[in-house]
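**Student:** Okay, here's what each chain looks like letter by letter:
Number of protein chains: 2
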Amino acid sequence: MPKVKIISGAEELALDAEEGRNLLSLLQENNLEVDAVCGGQGRCGKCKVRVKGAASELTIKERDLLSQLERERGVRLACEVEVEGTIEVGLLSEGDDETLRILDEGVAEELTPQASIEKDYLELKEPTLEDQASDWTRIIRELDRELEINLDLLQQLPDILREAGYNITVVRAGNQVLQIEPGDTTDSLYGLAFDIGTTTVVGFLLDLNTGKQIGKVAMANAQKTYGADALSRVNYTVEEDGGTLDLQEKIIGTINQIIGRIIDKYGVNRDRIYELVFVGNTIMNHLLLGLKTEYLAKAPYIAVINEPQSIPAHKLGIELLDDTVITYLPNVASYVGSDIVSGLLTTNLNQTADYKLLVDLGTNSELVLGNSDQMLACAAAAGPAFEGAEIEFGMNGIDGAIEEVRITDQLEIDIIGDKPAKGICGSGIISLVAELKSTGMMDESGKLLSKEELPESVPEEVKEGLIEDDTNKKLILVDEAEAADQPVTISQKDIRAIQLAKGAIRAGIKILLKEMELEISDIDEVLIAGGFGNYIQPKDAVTIGVLPTAPDLEIHGIGNAAGSGAKAALLNCGQRDEAEEIAKEVNYLELSGRQDFQTEFMDSMAFKEFE
Amino acid sequence: MPKVKIISGAEELALDAEEGRNLLSLLQENNLEVDAVCGGQGRCGKCKVRVKGAASELTIKERDLLSQLERERGVRLACEVEVEGTIEVGLLSEGDDETLRILDEGVAEELTPQASIEKDYLELKEPTLEDQASDWTRIIRELDRELEINLDLLQQLPDILREAGYNITVVRAGNQVLQIEPGDTTDSLYGLAFDIGTTTVVGFLLDLNTGKQIGKVAMANAQKTYGADALSRVNYTVEEDGGTLDLQEKIIGTINQIIGRIIDKYGVNRDRIYELVFVGNTIMNHLLLGLKTEYLAKAPYIAVINEPQSIPAHKLGIELLDDTVITYLPNVASYVGSDIVSGLLTTNLNQTADYKLLVDLGTNSELVLGNSDQMLACAAAAGPAFEGAEIEFGMNGIDGAIEEVRITDQLEIDIIGDKPAKGICGSGIISLVAELKSTGMMDESGKLLSKEELPESVPEEVKEGLIEDDTNKKLILVDEAEAADQPVTISQKDIRAIQLAKGAIRAGIKILLKEMELEISDIDEVLIAGGFGNYIQPKDAVTIGVLPTAPDLEIHGIGNAAGSGAKAALLNCGQRDEAEEIAKEVNYLELSGRQDFQTEFMDSMAFKEFE
Ligand code: FES
Ligand code: FES
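Chains as they are written, first to last, in full-length UniProt numbering: chain V, 1 to 611; chain L, 1 to 611.
Just so you know, same-sequence chains aren't split out, so a pair can sit in one copy or run between any two.
No more than 25 Å apart at the CA atoms, straight line, and that leaves these computed lysine to any residue pairs for SDA-like: (1) Lys514 x Leu129; (2) Lys584 x Leu129; (3) Lys315 x Leu147; (4) Lys447 x Val542; (5) Lys298 x Tyr166; (6) Lys315 x Ile140; (7) Lys315 x Glu181; (8) Lys474 x Glu444; (9) Lys584 x Thr128.
Don't read these hints as lab results, they were simulated from the structure.
Chain V on its own, in the form it takes in the complex (with noise of 0.2 Å):
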């Protein structure tokens, strides 16, 4: 009988398997503990192991929903795995998730801890009349260096050193001391990656020492309140006074309020987080800093800063130690954020011959274009419909929500949480309208046919859903006797505002090889960033042709890149310069300039391949 070795952490298992046995059946069965939100269907990728010896092969949902790096890493979705022999399986706990995707993802190899963060324990001599050195020269003699010390943490050092008998631990930011603790803390290093998203904040808990992610929350952002999106906040700070300031104390309350969580629940001191490093986009990133976002909305379109600065936590009103240092990483520009900045630090697409097009979708899709030689970017603006905004029954990604439609002999609808259907999210409606195209029931312009035009192949149990009135075409998706509330549909209008959304984003595509005297075919791979891109399959991308397809080209979700680039930045100093001379390489190319733009919008309205 097969032997599966359970690595996990510091602790072995050993267990006996029949061959063909389902790995995660076989790890539920023995009490481990694997994440599985789709209950093993292949679908949420969050039973991810890692994998040695005598497994079955990779499957296609695999391929989809695991980045090329993962699969060279060994993960695998423990759903999809069959025992095939003696293997070896390697648990990842939930911080684990996250440290691999930064440790062994991409930033990989070379990232090891070496945090901007530093700690020297010293055991000072005591003051003599032989030796009436001062407090201060005490320290700095024997570091041997110049430092900076602010004047309220001078105020405390004469009782500090005394009530500490001589031995202190200094904290220190390159010449600049953070912090003088009593005793020897220098295991205690910790800092805070925070994913500053316009819907979800994400705060990541990593220790500085040995790099490792202790643990992450995540909550709304509390801007939401002044709009769903980005520019609708912007819009609210320019016509309301004090609205800059109104939200920035909200996004600093969700903020605090994560570290309040993070802190209760991972039992880290408070006092001993000395950075927090954050990525946004670069309105996120204005509203965070209290920045006027009036310029950035209305053209030419210009940033504040885009250029990362240090800034004491207590001027932001964080709640950590009054010194902690806020730093973000570099924007490119008004409409290409830090996100982007880190998808391309985490996928190292700066460091290949080979072109790779990275885009995250959104109200604003930013699309950068490159490798070792050029970057290009540029911001698509596809408005809110891949959002679920300006969907009849569009909604955020929650439960009820919509979120892959299938048409089979039947429609196979699948709800997040599995709850009666309120509505249809972004990767629902994308799923929908690949699904429409496929089986013929919507034309290249994006017409929905009338039950009399569709194709035979169309089940009988689809077409029924059609109901037309005299203004528009709607399909039934879920009936008012399954779903929650009233009948989830998609309608004709529906349709013409993804329409419109993939049309800005592929012209911008079109556009960016054009500009780089490129061709699809040049494209080695593409990678899907944001939240969004882990939930769309690209073969719907593909069909709906917002992304483009040629033989060999890979097209992956790369999870959240943007939390990946500020946990590399945090724990490596390097990769905080190097994402700097990402964010100076990249050139950005102001689509709202351009004649042709226009010309490539319309031409990019069918709904086709888009090659």
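Dock chain L with the ligands against chain V, hints included.
**Tutor:** Only chain L with the ligands this time, still in chain V's reference frame:
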């Protein structure tokens, strides 16, 4: 008839003068402004002018009142000069007097203004769709350097730039931007130097572009309500909760009042003052920064910090731009502060092979002996007798204080402000004791002789003033009729207090000589620093044996060396580095740790010349 050419700033004036004409009276007659506090008696030293050409020889009074460097530069006391032929006279305005001290004395030749604050005027290009660089990028791109900007300023940046039409002046200290001003303000660059004395605080306003002193304002140190001397203020901080804060508030209050007066008086814009450099003794330095002084005052006498740090004005509550840089010169040790380092800096004591002795007489008397090879400092606890305390009629050098006593055929007494006498100040006591010694009214042991023992040569009128009771002898200086309230006397007990002070200082000097293996004859010059030093006659100090004497040994007052050092450091970064070097080079000798100090102290008591 001799011609006198008067030069005052940019103006010139030609006068005729009889041969032998007194220069001061010539100037006064022509309504030319010269200070003559002592009315032309050659005692106040205020009537300084610069003279070239056929003038009378330097008088003894001028030797006493002018520093060697002043003399080398042609500075004379107008009241002592007779016109002998054609001469050129340079008038020194209120400010120039001080400029002279910095620019023409010691620090002199090399001291071209090179402030640590720099201004760059930029005419930036307005943003367009073709050039979407961020506001900040525009600035650093133009300056072609990395810069840091604080959050408050960054928040104002977009409006500043747009309101200024992109023509701005960037004010920075190194890489740190302090301010961004609309238009070209490079002409306006001011700084303040502060001499924080235990008794008096003086603020100097300097134009950092030209290096000129614009003016100065002096006020009493408001900390005096917590004790006249520094140690009683330290005691207050030890005994009262929040005492350190109370004292910090007081000195900050004084500084703010001085700044207010400077702004009113000289019409400078508060927002164009970018730096403040202060000096003072180590206790004043600590109290200004709000640092605990407890450990300064008790063995082993440890300072919190001696090294300079930069502190933004708002952190200290100093009413200048939030980020005006507040800094200070380094201290050597708990009892040798930055005021002494200033003295070393302005006299270039560390730059010649000649040995010089710098003394700053006071309750804590600082002594530094050295040359370019070695410098050794110590602090002698002289007690407050030299400052008039512990003396029955002792008082500060204010109106009504006897400041000089001479015994000729009678008691000749000078009173400050020519008011009825209230008491006697430090310089008065020293001159009196010197006269008592010279006339033989007091013997070497410090004993006042009784009427019968007095030498014949003592004038009858003086003898009559001597009164004896059972326990004490007293000499009446001013009798009831002429005194403000009651007769002003000096007693045997008062003389004993002076004797202790003198003994401590002389013992300190002896220990320094011994440690450095030098003889008095190795000392080339004695420099008397500190406000008090300006008022004592060197010959009196020699007579009572507090300062050494030897053929060719010159003794000079060097004026407000503390203020001069602060000004030099403000004007020129090189001087700041030099001060740091000096503070590191000076070795500090703790007298309280030495057994031989008591022996030397006893040996130093006698009122006889110190050879
Ligand atoms: S459990 Fe969801 S993909 Fe495996
Ligand atoms: S007027 Fe006082 S010294 Fe000349």
